Amino acid sequence: DVKVTQSSRYLVKRTGEKVFLECVQDMDHENMFWYRQDPGLGLRLIYFSYDVKMKEKGDIPEGYSVSREKKERFSLILESASTNQTSMYLCASTQSGSPNTEAFFGQGTRLTVV
Amino acid sequence: GDSVTQMEGPVTLSEEAFLTINCTYTATGYPSLFWYVQYPGEGLQLLLKATKADDKGSNKGFEATYRKETTSFHLEKGSVQVSDSAVYFCALTFPQGGSEKLVFGKGTKLTVNP
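Chains as they are written, first to last, in my numbering: chain E, 422 to 535; chain F, 7 to 120.
Quick caveat, the hints were computed from the structure, so don't treat them as lab data. Don't take every hint at face value.
[Said to hold, decoys possible] For lysine-lysine, the following BS3-like pairs were computed, each having C-alpha atoms within a straight-line distance of at most 27 Å:
1. K107(F) / K492(E)
2. K491(E) / K107(F)
3. K478(E) / K112(F)
4. K112(F) / K476(E)
5. K474(E) / K107(F)
6. K424(E) / K66(F)
7. K66(F) / K476(E)
8. K107(F) / K478(E)
9. K112(F) / K424(E)
10. K74(F) / K424(E)
11. K58(F) / K107(F)
Values in this document were obtained by computation on a predicted structure and should not be read as measured data.
Looking at chain E on its own, in the form it has when it is part of the complex (with noise of 0.2 Å):
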């Protein structure tokens, strides 16, 4: 069973803190993503990145850095979490060249700054 995991279902963290997110897969695909998903604004992408080491900004980039070490990992960072990152966030991957490509989600992570 395919599977991509973020590592935490609810989290609550301090205005100010570091705060990390990670995301793992199993599939060996080369793409991963993160998005966070707000009421009213659909799915709003991050980051990017298409390879170990590799990563592209998304359309809100600002507050938010990312790490791709290994292929099967993608860790989203916020270097001072504020209260208008609360949100939904979303770890995808997808294979690379094949246009029946398929993305695969995570279950989500429910960030929630104080």
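Add chain F to chain E, keeping to what the hints say.
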């Protein structure tokens, strides 16, 4: 840039009603098109897909046809059930290798009443 526009929700239907959720896209080239579904408390999962013009994707009674001339990929189901209540996302990607962004619409929340 590439984008997806889908029907604003929420949509509320009675069981056995006909469903249409409109989706149009703007893209340079010929993307692959997808519908994803998110059930309450879960991550997104693939519902159906189409990779070239005039392809019809289908699954669980849902259908969508890739219309290049109208740049559309509308989701339809002839008779909805309460269990279809979820959020539906239209999406596109370019499976070209290298940088393959996944672009999503904002999502349409469907509620089906008994």
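Checked hints:
| no. | hint | in the structure |
| --- | --- | --- |
| 1 | K107(F) / K492(E) | 17 Å, holds |
| 2 | K491(E) / K107(F) | 20 Å, holds |
| 3 | K478(E) / K112(F) | 19 Å, holds |
| 4 | K112(F) / K476(E) | 24 Å, holds |
| 5 | K474(E) / K107(F) | 17 Å, holds |
| 6 | K424(E) / K66(F) | 22 Å, holds |
| 7 | K66(F) / K476(E) | 36 Å, violated |
| 8 | K107(F) / K478(E) | 10 Å, holds |
| 9 | K112(F) / K424(E) | 25 Å, holds |
| 10 | K74(F) / K424(E) | 33 Å, violated |
| 11 | K58(F) / K107(F) | 18 Å, holds |
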